[in-house]
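Single-letter residue listing:
Number of protein chains: 2
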Amino acid sequence: IIDGWKAVKNIAARAWEMGRSDPRKVVFSAKVGFGLTLLSLLIFLKEPFNDMTQYCVWSIMTVVVVFEFSIGATLSKGFNRGLGTLCAAGLALGMAKISEWAGDWEEAIIVIGIFIVGFCITYAKLYPPMKAYEYGLRVFLITYCLVTISGYHTREFIDTATNRFLFIAIGAAVTLAVNICIYPIWAGEDLHNLVAKNFMGVARSLEATVNSYLDCVEYERVPSKILTYEASADDIIYSGYRSAVESTSQEETLMGFAVWEPPHGRYKMFRYPWKNYVKVSGALRHVAFTVSSMHGCILSEIQAPPEKRQVFQSEIQRVGYEGAKLLREIGIKVKNMEKLGEEDILYEIHEAAEQLQRKIDKKSYLLVDSEGWEIGNRPRFAAGETNDLMNMDEPPKFLYKSMSEAFLDLKSDQAHKNLDNIIVSDEVLPSSVAANDNVSANKPVSWPAHVSFKADTVIIEEESKTYESASSLSLATFTSLMIEFVARLQNLVDAFEELGEVAMFKDPLEQQVPQ
Amino acid sequence: IIDGWKAVKNIAARAWEMGRSDPRKVVFSAKVGFGLTLLSLLIFLKEPFNDMTQYCVWSIMTVVVVFEFSIGATLSKGFNRGLGTLCAAGLALGMAKISEWAGDWEEAIIVIGIFIVGFCITYAKLYPPMKAYEYGLRVFLITYCLVTISGYHTREFIDTATNRFLFIAIGAAVTLAVNICIYPIWAGEDLHNLVAKNFMGVARSLEATVNSYLDCVEYERVPSKILTYEASADDIIYSGYRSAVESTSQEETLMGFAVWEPPHGRYKMFRYPWKNYVKVSGALRHVAFTVSSMHGCILSEIQAPPEKRQVFQSEIQRVGYEGAKLLREIGIKVKNMEKLGEEDILYEIHEAAEQLQRKIDKKSYLLVDSEGWEIGNRPRFAAGETNDLMNMDEPPKFLYKSMSEAFLDLKSDQAHKNLDNIIVSDEVLPSSVAANDNVSANKPVSWPAHVSFKADTVIIEEESKTYESASSLSLATFTSLMIEFVARLQNLVDAFEELGEVAMFKDPLEQQVPQ
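As they're listed, the protein sequences go chains E and R. First residue of the first sequence: 1, per the working numbering; consecutive thereafter. First residue of the second sequence: 1, per the working numbering; consecutive thereafter.
Looking at chain E on its own, in the form it has when it is part of the complex (with noise of 0.2 Å):
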């Protein structure tokens, strides 16, 4: 008994959250409740016609049915279950006509009708396009049925026709008259707000990105989920720019319930273009999956050193910092209804990501691995070619002399320590790898997994370097994917800006000229 007790708290509890979380539920609820109640009176009024009752429950049914969230959604369906009743009854009457004048036949009519009927309408429902309108064919295919069997019996189609289509016309007048007059939800203005609220979310991912890039955070172990892709709620840089990947299936649901909802609020407009809402998503969603592959570059088993990103700290903090500016600033325009103003939006992302980009130009020899280059170590190769053969040892001991200088750049204590730990990680490398060597081959930690199948130092020793100079690329890649992110934002803008013609949004100009 004191678990039951317990559990019902626990039921309560939390519905006491959903509601307070979102109170529009509550407030659905009890329209719901009333509307029931409403035509649970008429019954009461309807006394004396006593063999209504059971058409009465057409009535309910319908309120049951139809009653959705969003007026969008009610209204579609209402029209659905409206005209496929009307239609089937049509077709129904006809039938039942033709049957008649079969004689002898009527039963196998009757059959092969249901027969024919039921499938064409399942099959018509598994047509992609008509999607939209499949509970009408599915109201379609029940109505017909009944209609005819009914009729069958009682001979009375035209009565059973009508009676049904009146009781539901009932049902459909309460469930509209209670949902729209009483607190109406709009999915128009679910779509706008999810459209508002994906900006937000793909900021706050770039945000976090940026921030735990440049903090060296490493993720002790990749939380599965990710990796797999499933829903979590725990990472926020994870869990923001996948609402806005995945939102895409629930746009298109609201989009269509949308375009059933008549002008209203803030959206005074025939043919409002919720359209432009998804296509302003959509170019969101092409610029979060830049966001996306940054933070993989953080999942990544392939890291850049500490001391490298420290270098490029600035730049990369003003891009992120910027990025999520606009699209902050992008997305309460969304949700405010305005127009971009006059200045150039994309001016200062566009200066940051210049910044940063002359920044690598300038430092890119800290992005690959010149140990490495040919000419460096194969002085064979251009046996002909003796003046290479001359210069051959000076671009190594150049590019050190000039590393060294990068670290004079952050002129502190600090730069010495990171030096030191560029020899401590270079010694680390390869011993990292050897170990690798006597656990078990197939750990997803390391990435040279198949190391172990040819174990000799000599080996060992280049791999540890080929992962050396990844990790450094894996900066450039880093920086690439910022570009590019900043690359993809001209789009979106202009998106919003064809979104902002369309819907007629409030020019903040305009706005301050009457003042």
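It should be emphasised that the hints constitute simulated quantities derived from the structure, not laboratory data. Just so you know, not all the hints are guaranteed correct.
If several chains are the same, the list does not tell them apart, and a pair holds so long as it fits within one copy or across any two.
[Said to hold, decoys possible] Under the rule of at most 30 Å between Cα atoms (straight-line distance), these lysine-lysine pairs were calculated in the DSS-like manner:
id, residue 1, residue 2
1, Lys325, Lys97
2, Lys359, Lys308
3, Lys97, Lys6
4, Lys197, Lys131
5, Lys131, Lys25
6, Lys197, Lys339
7, Lys275, Lys131
8, Lys9, Lys131
9, Lys335, Lys325
10, Lys359, Lys325
11, Lys6, Lys131
Using the hints, position chain R against chain E.
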């Protein structure tokens, strides 16, 4: 009339096409028709019980509503409908007893009861974890209202309730018998095929990406459908990985149905691990994201020069080839439900990736723009270090030499042509950026779109250099992504091995033993 005839022909052609591409749809439609026919026959037999017709509607409705494409969906819906009806009937009978005792307050109690039940059920329906039982809750609500109201009129609560349940049971029995006995369609099999198909899609995408990257296919104008992530069947690369990325919700739905299905066919096991198929597909999705990023490199406005790509051609091609081969191999193994063999399936691809990596190390000077190195362009910076100043001019010279050497590798006239191309493209670039100056600034084609705001030639030149060096880094990005792709394969193989283990796939070795 001719138009009407054309439309009919058109519809018929489409229907035929659909039937040809998936004959299961034809079979399923025929099954539904057959089920309905069977029930209507039942009604003819029951001619003496004429008053039963009003309940017959429940049987027909059950067939129409419960008869779903896959067995799993049918079972889950049937279970929901049965349980919902049973519980609601029980509650309604209880409430009827209470309201009878209440005497004068009977009507009030009925109305209040309907409101409370309507509220609670709708609220529970909105609780996300209850989504699988959504249909059951709906049926519960309908049944409760129905039994209460028609019971109030006829005073035959128990009769109404039992009749409703009986006829629903008849409908459900017919549905199940027809659906399972005649050519059953299993959701589990669909899930299995979907996962295998996704492997092929990603493999195809990977191959096409690598090929078109090496062929330097330029998108004349990137279809905006890709930029806004809309469905598009035209682009082979895009459609391949997109279907893998997008199939999340489809997989979830199929899994939700598959767990309802009894052991059957090749899935002879209770509690078959359908979850692991979804997990493998998730790991594949994680791999597909890198393919999507590689595709992004092709779509990008920043493109690596063709002659540089050719230097890495054979290595990139090999990784692409091995990667696609591996994906296809695992895809076929998933389809045939075979375990991996003795040998390390990742051996070849790791070998290929290391080769690529080593090549990158050797030729990494190609990936960066050495001209812009801090030490070369800003001698003032290291004013104290005169040694470096002396060396100042050498690195660029040296690098250009080594670059021409790289072309010797290609050993053909083409190399010289390519060298010319570099020079040409060097000259072309500033002018193209300058041209952009004159055009409107918000074209999505050029990346430094706000150049036009500060149109002095010095900056334009700098821009174009920035652009050029970014273009080389884009090659680094592509290769890094390939290596990341390879690294992620490990995780995919692990997920597959886990699936093979828990689903008891055939062991190719054991199979050979009996022979």
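Okay, the hints, checked on the actual structure:
Taking the shortest alpha-carbon separations for lysine 325 and lysine 97, neither the intra-copy value of 70 Å nor the inter-copy value of 64 Å comes in at or below 30 Å. Taking the shortest Cα distances, lysine 359 and lysine 308 sit within 30 Å of each other both inside one copy (12 Å) and across copies (22 Å). Taking CA atoms no more than 30 Å apart as the test, lysine 97 paired with lysine 6 passes between copies only; the shortest distance there is 29 Å, against 62 Å inside one copy. For the homomeric pair lysine 197 and lysine 131, the shortest alpha-carbon distances inside one copy (28 Å) and between copies (23 Å) are both at most 30 Å.
In this assembly of identical chains, the alpha carbons of lysine 131 and lysine 25 lie at most 30 Å apart whether taken from the same copy (27 Å) or from different copies (14 Å). In the homo-oligomer, the alpha carbons of lysine 197 and lysine 339 lie at most 30 Å apart inside one protomer (18 Å), although the nearest pairing across protomers, at 43 Å, exceeds that limit. In this homomeric assembly, lysine 275 and lysine 131 come within 30 Å of each other (Cα to Cα) both inside a single copy, at 18 Å, and across copies, at 27 Å. Proximity of lysine 9 and lysine 131 under a CA criterion of 30 Å is satisfied inter-copy only: 21 Å between copies versus 41 Å inside one chain copy.
For the identical chains of this complex, lysine 335 and lysine 325 are intra-copy neighbours only, at 15 Å inside a copy versus 47 Å across copies, given an alpha-carbon limit of 30 Å. In this assembly of identical chains, lysine 359 and lysine 325 lie within 30 Å of each other by CA distance solely inside one copy; the values are 22 Å within and 39 Å between copies. Proximity of lysine 6 to lysine 131 under the C-alpha cut-off of 30 Å is restricted to the inter-copy arrangement: shortest distance 23 Å between copies versus 43 Å within a copy.
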